[in-house]
Every structure is written in structure tokens, then in C-alpha cells.
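Q: Using the sequences and the hints, build the whole thing.
Heads up: the sequence shown begins at 141 in the working numbering, then just goes up one per residue.
It is worth saying that the hints were derived from the structure and are not from the lab. Any given hint could turn out to be false.
To be verified - Cross-link-like lysine to any residue pairs, in silico, SDA-like; alpha carbons within 25 angstroms at most: (1) K221 / F613; (2) K194 / R656; (3) K405 / W380; (4) K635 / A569; (5) K635 / E579.
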Amino acid sequence: LLEDRARLQPDFPFLHFEGQEFSHAEMNRRANRMAAGLIALGLEPGARVAVMMKSAPEYIDVWFAIAKAGAVEVPLNIAYKGEILAHMLDNSGAAMMVLDAEFLPAAALVAARCPALQCFIVRHENGEDSSLALPGARHDLAQIPQGAGENPGREISPETLACIMFTSGTTGPSKGVMLTHKFEISFAVIYNDIVSLTAADVSYNMLPFFHIAGKFILLSALLTGGRTILRERFSVSQFWPDVRRHGVRVTVAVGGMCHMLYAEKRRPDDADNPLRMIYAVPRPHDVEEEFKSRFGLELTEGYGSTEANIVIYTRPGEDTPKGSCGRVAPEYEVKIVDETGRECAPGEAGEFVVRPKHANTLMSGYYGMAEKSLEAFRHLWFHSGDEGMRDAAGYFYFLDRMKDAIRRHGENISSFEVERILNMHDDVAESAAVGVPAEAGEEDVKAVVVLNSGAQLSAPALLDYCVGAMPYFMVPRYIEFKPDLPRTPTQKVRKIELRAEGVTLATWDREQAGYRVTRRGLEKIT
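A: The following block contains the structure:
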């Protein structure tokens, strides 16, 4: 795809990043030179390369270079560390890791537990600690590119494995979703249908490349021949100035982004902007009409997953029933079934299951987890683990996650992983992590903790432990100590009861206590 664009529109300014413009031909040449360098380091077809980088043109170089080499990208959330990071590196069998220097401390702490990992390629930044010990060769990313930028010519098919993208891990350790080249591009095809993207549209990408949405926004512009404005992350204050300055027409908003934009002080020229469409997951249902009117744009949304693509979506101009996530994409079949696999009647709740109409447009399975793959594809359908229903007119409604996941700020948080890390504390006997409603939609994390007999552990002390042991977005906002957890007759924790309790008088709230958790760590609110 990139090579075709470089041939057909070599000088087109495809990508804008922090004042720099990059043409199709330049991005292809950069990726080719990076691929030549990686191949010179011994990168073989099928080898896994972990990537832990912030959104930047250099990430795109590495992403496409890995693909051109016939290798497999393993994109990692830049907030990951400790047990989660070690699991993903070890499970994927990554032999090479490309990372920004600021993530070296996290990598150094777990690298010794990942025997396959023997090569580190670092994008240097100011303040890097060069004394950190790493088990294997270490290289400077800027010194890797080689050659004149000719296409490597390695044989790559649509069925070739391109990426292993880890899920949040809902009922066990995170699973690596296997995506072929065709499957990755199919996300962009569906997204383009949803937002009616054309070559005249300018896309705005503020989502990371370790999430599938960050990838399909870029690929969608390559498919249409349009432009992309890339930002490292979402900024409320920067968003509308960027939209107006660059003539942005389409973007994707996840989590509470729409609510954050709506909460900004009103301006008389709010609707004076070129943005025509936001694909929002989810739409701000409580203020949807006011949002569209205020900013003069359309909102659409969909339902899907990394494993199964965007399989249901709303159509602009169609009178979609309130609360519905839309109708089925023409490329897929979707049903609501009960626990036996029987299709549910309209209005009856059950599980979303998905089947593709085209080959290689669903995940190839979970990497190294054959039993989990078989379980997900039972009865010849992919089972989503999400609860929903369908009405008689064919509109689908998402009801809840049957999986134990918590949705916060656009991130799917594994309650299993939160609990696993909590339970590693010497004073904790057991724990349960649940989602409780947040002020701006989605959820906040609440940890319900049972201490060991005789242990004395305060909520601030446990918070401090969590900040050091888990990604910042997983750190619980609420902590409540209990003598025991509610259980079913088979001794499973009744999380439905804990979720129903929500925030109680016995719950400690870190924000009320004056603490804030950011990428930088724990901060005291003054």
C-alpha cells in the first residue's frame, strides 16, 4: 500500500507532524532504509519485534520496516511495566525491541526474564540513563537505516502475519491477537465506509499506534490518498486550533474525549470549523444532539474489537434508535446467542458472536494460546464476551461486558491484571477490582482488598505500591478494605455485588484525599 502510493503520488504531503511534512515517497524511502538496517542486524521473516514508542514518524518507519522485512510487530502500550510487560515480551517471543529511551528503565527491569530478547534499539532522547544494563546488544535507532531506500523485495502475502496486538487480558493473562496484513488493512476499509473518507479529507490522528484505531486512521488515509495530521497524544487545548489550522475533516475520539471537548467554555465560533465527522467510541449520548449542533458536525460510532474488526456501526443520516450502536457491516455476520449457541430472539439479551464473509478479515487466533483460540471460535463463530441484544429492525445494542474488563479513559483495563498485582503485596490476602461509574462517562477502578491476618496497610500506602507496580491508567482511584469478599456457592467472587455497591462510606477516594496519578507518577494536588 505504501509502495503503491509512493509510485502513484510520490510528492503528495501525506503526513504532518510538529511542523514537518512527509511525502509518500519519503515515508516509503525511510521505511525501506529502516528495513535494510533491521535485516542487516539479522531480522528474519516471522521474527517478532516489540515496539514501545510514542507516536511519531519514527514509529511509522519502524512499523512499516518490520512489515517489509516479513517480520511481526508487537506493539506495546507505553505505560506498561512490571508483570504485564514481562508477560507480553515473553509470550510473544520477541527477539528484538525498539523503544524510546524513556522506557528503558521499564524494559531493563524485566528483560532478564525474557530469554529470547537479545537486541535493543533505542531512540535517544535528552536525559537518557545510559548506565542501565540490558541483556544483549544495544543500538541507536538513528544509526540503523541503511542503503538508498529501495524496496526490500521480500515476499509478503495478504496472509502473512503482520502484528501481535495484546488485549487487556480480562479473565487471565493478556492474549496476543494475531493480525495478518489483510486483516490490518480491513480495519481501514471498514472505517472508510463508516466515515465516507475521500482523498479530499484531512484526518487527525491523536491515538497511539499500539491501539488498532491509531493504525487504521493512518492506513485509511493511505487507502484514499488523503492527508494525516499526527499528534503524540490528545490535547483539549490543541484540538480545535489544529482542526482549523490544518483543515481537518475527520477524526476518531475514544473514551471521554467528546465529553472533554463539550466541557470546554463555549465560544460564539464553535461551529466555525472544517470538521465534518467524529467517529466516537462511545458517542456522548447524554449531550449528542447539543454536541453536533454546537460544533456543526456529525457523530457516528461502532462496535467491534481487535479480534473481529468494526462489525456494527451507525450510518449518518439514518434514524438510529437511541442507545443502538447501529447495524451490521456488510462484510460480516453478527448474531446474539445464548450460552448454548442458540440465536436469541429480538429483545433477548445474549452474547455478540461474529463471522466474516471474506477470508483473513478476522484474527488468526491468540498467539501461543491454542486452547484460548479454540474457545473463542467455538460453534464456528468468534465469541466476543460482550453482552447485547438486537431489535426486530436489525439494530444492535451493547449492554455490558461479560468479560471482567473495566473501561477507563479509552483503555480496556484487565481486572485480572489489577488483582494479580494487588495480590503480590505482602499484606494482601486477596482482592477484587471492579468498575464504578465515573463523572465523565465510562468507569473508574475500585479495588476491594482483604488483608492478611494482623496486617496493617493504609490506602495511601497501597496506592503508592500500585503506582510503582502497574501502568498509571490501571491504578485504582477507589480503595476499600473488607474482612472478606462476597462469593457464589462455588466460591467465585460475586463482582456483580461489588459493582452494585459502588462507592460507599467506607471507600477511600484518592482524588478526595488530594492525590492524582499521571504518566509522571503520583502527584499531590495543591
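Q: It remains to establish, for every hint, whether it holds in the given structure.
A: Hints, one by one, checked against the model:
no. : hint        : in the structure
1   : K221 / F613 : holds (12 angstroms)
2   : K194 / R656 : holds (22 angstroms)
3   : K405 / W380 : holds (12 angstroms)
4   : K635 / A569 : holds (17 angstroms)
5   : K635 / E579 : holds (21 angstroms)
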